[in-house]
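Chemist: Line by line, the protein sequences are chains A, B and C.
Residue 1 is where the first sequence starts when you use our numbering, and the numbers rise one by one after that.
Residue 1001 is where the second sequence starts when you use our numbering, and the numbers rise one by one after that.
Residue 2001 is where the third sequence starts when you use our numbering, and the numbers rise one by one after that.
Simulated from the structure, these hints should not be mistaken for lab results.
Just to be clear, a hint being listed does not mean it is correct.
To be verified - If the Cβ cut is set under 7 Å, some of the chain C residues that face chain B in the computed set are:
| # | residue |
| --- | --- |
| 1 | Arg-2082 |
| 2 | Ser-2083 |
| 3 | Leu-2084 |
| 4 | Pro-2085 |
| 5 | Ala-2104 |
Glycine is no exception: its CB is placed at the ideal position from the N, C-alpha and C atoms.
Listed below, chain by chain, are the residues.
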Amino acid sequence: MLVKTIFSGFGGQGVLMMGVSLANSGMNEGYHVTYLPAYGAEMRGGTANCTIAIGDEEIASPVASEPNYLVVMNSPSLFTFQNKVTSGGTIFLNSSIINDRPNRRDVKVVCIPCADIAQELGNIKVANIIMMGAYIKISGVVSPDIYLKSLESIMGSKKKSLAEINRKAFAAGFDYVKD
Amino acid sequence: MNKVLMSGNNIIGEAAIRAGCRFYAGYPITPQNELTEYMAEHMRNVEGGIFIQSESEIAAINMIAGASAAGLRVMTSSSSPGISLKQEGISSMAACELPGIIVNIMRGGPGLGNIRPSQGDYFQATRGGGHGDYRTIVLAPASCQELGDLTMSAFDLADKYRNPVMILADGMMGQMMEPVIFKKPKPRVYSKKFMLQGAGTGKSKFIRGLLLDPIDSEEHNWKLARKYEVVSKNEPRHEEYKIDDAQMVIVAYGTAARIAKGAIKRLRNNGLNVGLFRPITLWPFPELQLRALAAKVKKYLVFEMSTGQMLDDVRLALQGYADIEFHGRPGGAVPTPAELANVIARVYDKND
Amino acid sequence: MVKTVYQRPKSLKENIFHYCPGCGHSIVHRIIAEVIDELDIRGITIGVPPAGCAVLAYNYFDVDMIEAPHGRGPAMASAIKRSLPDRVVFSYQGDGDLAAIGIAESFHSANRGENITIIFINNAVYGMTGGQMAPTTMLEQKTTTSPLGRNKTLDGYPVKVSEIFSQLKGVTYVERCMVNSPANVNKTKKAIKKAFQCQIDGQGFSLIEILSPCPTNWKMTSINSCKWIDEVMSKEFPPDVFKDNITAAKKTAEDA
């Protein structure tokens, strides 16, 4: 098993956080993991992306030339990365702010109105965690329990209320998508 | 110690501090900034920890030389263009037999090049880099775990041989996060007699590389050469992967070796018996170990993210006993394991 | 009963100076050694000699010393001082070492307010390499690389190190002295002692610039060299205390 995922969006949407939390939960599941952020001049201009590989064997390259999953939080990311996704792969998109849809027929598309759900929950900042709920349900790459525990351990003991809203957000995303 | 997920740059910093590094000087350059930032944040939290953001790479290397002479475990880091600037000080440290760690998170070159991962500094690292007859020990990690382990080893080797040690990694290794377990560092073994801390009531001493008398200077050079001979004999390290039934062996280090492993897995699924020889020390190069392999395997492919630098060492090691092919991706390009597998498959068939 | 009024300082080795007759280095070495004796700091002093005529200073000073590559003395001295804060660390530099190739290291160690002392020998030429133009070479002064005299259009102007460094907030004490007469030698010694004391008291960065004769490369007699410092060099580089914040620094330390 080797699963590669690209997370991408605007800076400030918590895109790198999505990657770090997934990589941590992969590690806590006992898998080999790599996390590779975009760095340097690539990061200027307000976009962010990172690539996570999770496998049961040593991971050769942390780069994903053909990711199984692509998570896009804004439109520019969709156009940048949609053609990379492997045939039969899945694209998760934040339909609250992305009006466009992928023009490929050989990939599955999962639309989550993350920002809208986040508004309903009263905290726009958790849109990324809502997306993670949906991503983990569909991909099944790590268990929801491990993910939430890993997320809490990364966030540290900053705020109890933060853990609570994150759990709610994760559940909302998880429940939004059908099996 | 638990497994933690950390970026390569941060792992080097943490391993260094755990190994007792108490002086770090550095200057910003991508893709190694996170290491400088890590040291700025964490050096002040350990007793006696000193961090200086230097005015240049040149100042940084001379600062660590000073602190090393004063008796501390020291480190500086940079990326390719900055390492060029440090060469004056590295030569000086080798001449004065001062231990210290220099981290090179390589990027594309020559000149300013770019900030993508590359392996174009192999010659600079393994041939001394600066002026004069000297060598630096060069360690080439290929995973985040190895970044941690080899950073700790680097301090031990530097002290043992009173010589600068370079950790040669690339932008990918620096930026990538992987799980790591920090091992327990060995206690430091380094005699006070090599430290310059003031004469007290005793005889004063001086540390210098200037030897105006050519015969004195010649003897100093031979003394260093004898030391390098001992290092060459005792310290070569390498990893062999799926060598036993190999018809062909890839020679690669660092990130290139990871990609090669991925390629080899694919090729073996298709029935091609390919193995990997991965030098972990680039200087001393595991020359005899590779030569011994030539008794068994007659086909080699050197893969580097450069136009072919380690290739020279492979040729010297194999001495014509085997056929050597080369595949290179310089300038910051990183091929996928699948691409490399295609290249290897072509060469494999050709040789059959 | 014979009273000793003059003897070799304890902090000076028995070796004979290699410096040319009339050179200022020998004088400055001696007075630094006297200061080290008088302050009783031989055992805790670490010196960093430069690349230049004084490159062999460790053959003369009987204190721990470590050579620095050309111009890098202050970087090394900064690190040594930070590593061993209770030692007295000085860097000894010429005009090329400090004001040309090592201007960045010198400037930034001053700006960081490192608690070190720089002894800066200004003799307006590169001495060891044979009398080339230095950053402090006077306008119209002939050197082997300014055979028609230093030309302001082509070569720029003499660099006034003391004036520039005294502007930096990190700097505590800067004085320019001369060693061309017994009275000036005494003044210089006092300045050096004050600078070392400033460091011992933890008051921060000090720099003593010394106008120093180089008869060989100036192609003058020793006496004329001393006169030239008075009549020409000191007009461009006036001796003065450019900064003395020692009292203020002490007060701040006490208040803190």
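Chemist: Please go over all the hints and tell whether each is borne out by the structure.
Modeler: Going down the list of hints, with the structure as the test:
| no. | hint | in the structure |
| --- | --- | --- |
| 1 | Arg-2082 | holds, 5 Å |
| 2 | Ser-2083 | holds, 4 Å |
| 3 | Leu-2084 | holds, 5 Å |
| 4 | Pro-2085 | violated, 10 Å |
| 5 | Ala-2104 | holds, 5 Å |
In this structure, only the earlier hint numbered 4 is contradicted, and the remaining ones agree with it.
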